[in-house]
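Novice: Now for the letters of each chain:
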Amino acid sequence: MDETAVRLSIHELIAAYAECIDEDRLEEWPDFFAEKCHYLITSRQSHEAGYRHGVVYAASRGMLKDRVLALRRANIFEPHRYRHIVGPIRVGKVENGAAEVRSNFIAVRIMHDGETSLFASGRYLDRIDLSAEPYHFVERLVILDSQKIDTLLVIPL
Amino acid sequence: MDETAVRLSIHELIAAYAECIDEDRLEEWPDFFAEKCHYLITSRQSHEAGYRHGVVYAASRGMLKDRVLALRRANIFEPHRYRHIVGPIRVGKVENGAAEVRSNFIAVRIMHDGETSLFASGRYLDRIDLSAEPYHFVERLVILDSQKIDTLLVIPL
Amino acid sequence: MDETAVRLSIHELIAAYAECIDEDRLEEWPDFFAEKCHYLITSRQSHEAGYRHGVVYAASRGMLKDRVLALRRANIFEPHRYRHIVGPIRVGKVENGAAEVRSNFIAVRIMHDGETSLFASGRYLDRIDLSAEPYHFVERLVILDSQKIDTLLVIPL
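Chains as they are written, first to last, in our numbering: chain A, 15 to 171; chain B, 15 to 171; chain C, 15 to 171.
No lab work stands behind these hints, which were simulated from the structure alone. Computed from a predicted structure; not experimentally measured. A hint or two may mislead.
Partner residues aside, some chain C positions facing chain B, computed with beta carbon under 7 Å [as the list claims (entries may be wrong)]:
#1 Thr18
#2 Pro102
#3 Ile120
#4 Asp127
#5 Ser131
#6 Ser135
#7 Ile157
#8 Ser160
#9 Gln161
#10 Lys162
Even glycine gets a Cβ: it sits at the ideal position worked out from N, Cα and C.
Sequences and hints are given; from them, build the entire structure.
Specialist: This is the structure we're talking about:
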């Protein structure tokens, strides 16, 4: 496998994921994951304490789809959008057709009235399946820097 | 055309553009565009509504130059600087010697007294001419996430 | 030297550096520098005025180690963490086994109580030794956009 090509495809996956959420195409969001996957949003403190649960948790693409359905149906929250800025991205161990990848991110939140604020910062700890293109996340842990997690955390990160 | 080389040159164009503005070398800014070009700063709402105008608009390199001249001459605004953080960058369709590229950005604004704030977030929707190096923007749409656009928007984004 | 490979290794160095600080592995931080090096945190105004000193200064890896020791021993400051977002990265002149590299960054600061704020923005002006992998910084100038430098600036940037 050509290392540069693998890296470019990993960058592409991470960029496409952010764009999907930021452009509110949430119905496509589960497709970035493998059928059996692990998606978790948690705080650094919980993560370092070894807890495997968090504010948001899913163990399959089906659970992610359910989450989007619920989110669309409920629709009780104040409409808002995110803008993800991601980088730098580190590609770690690549073996058995999977890559371990870590990246820093911030999410800016834009409320319906245009009010903009720094909503969250943290990092993505990813395990990415490289066996077919486009690549998929087998695991995506969203580790938030702050334990102060806004109750408005409805949209995935 | 080697795909990796093209991507690196696209990244280089986007980085050089941000640096030019952030370092206040605005006189060089029009040179990032093709002679006939389309530069627009607008809000997501206006863009999605299909409006082709915005807060700032130019249809040629000459118009961009005029804008810089006016900006330097007027000089009535409170001096400030931007710092652009850009990423991730997605390279989309590449055909007929042009690439469609999308990227997320935030602009931090630093006032003369050092006061720093998150000024704008959004994305760049670019069409880039690949026929000669360095590449040039044929179209650069700056889509701001918020419709609350600061009246201090004088420096290009 | 393959240009793409060099660029990837430069990106890797910059990403690993940010991760090291953000994950509070400060004892490893001096290892990103050459034995004889130049590390400086200063403001844009001081830098443009040609001053070679700044808020933080070190001329060797040993001085960087001393700084970390002092920082760990003192421990009088309020505990906090940074999250660096870096990009875009520009690779400039590459000659005599060294590269000149410039990148934009912001640092978000997360206090112990979870309070998160945009702490600093600026750019890195780097000279990187390419003679052996992993690469090392021969010079890393941290040019802050604002001259309002928080007295809490204890952790390296």
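Novice: Taking the hints in turn, state whether each one holds.
Specialist: Hint by hint, here is what the structure shows:
no., hint, result
1, Thr18, "holds, 5 Å"
2, Pro102, "holds, 3 Å"
3, Ile120, "holds, 6 Å"
4, Asp127, "violated, 21 Å"
5, Ser131, "violated, 10 Å"
6, Ser135, "holds, 4 Å"
7, Ile157, "violated, 10 Å"
8, Ser160, "holds, 4 Å"
9, Gln161, "holds, 5 Å"
10, Lys162, "holds, 3 Å"
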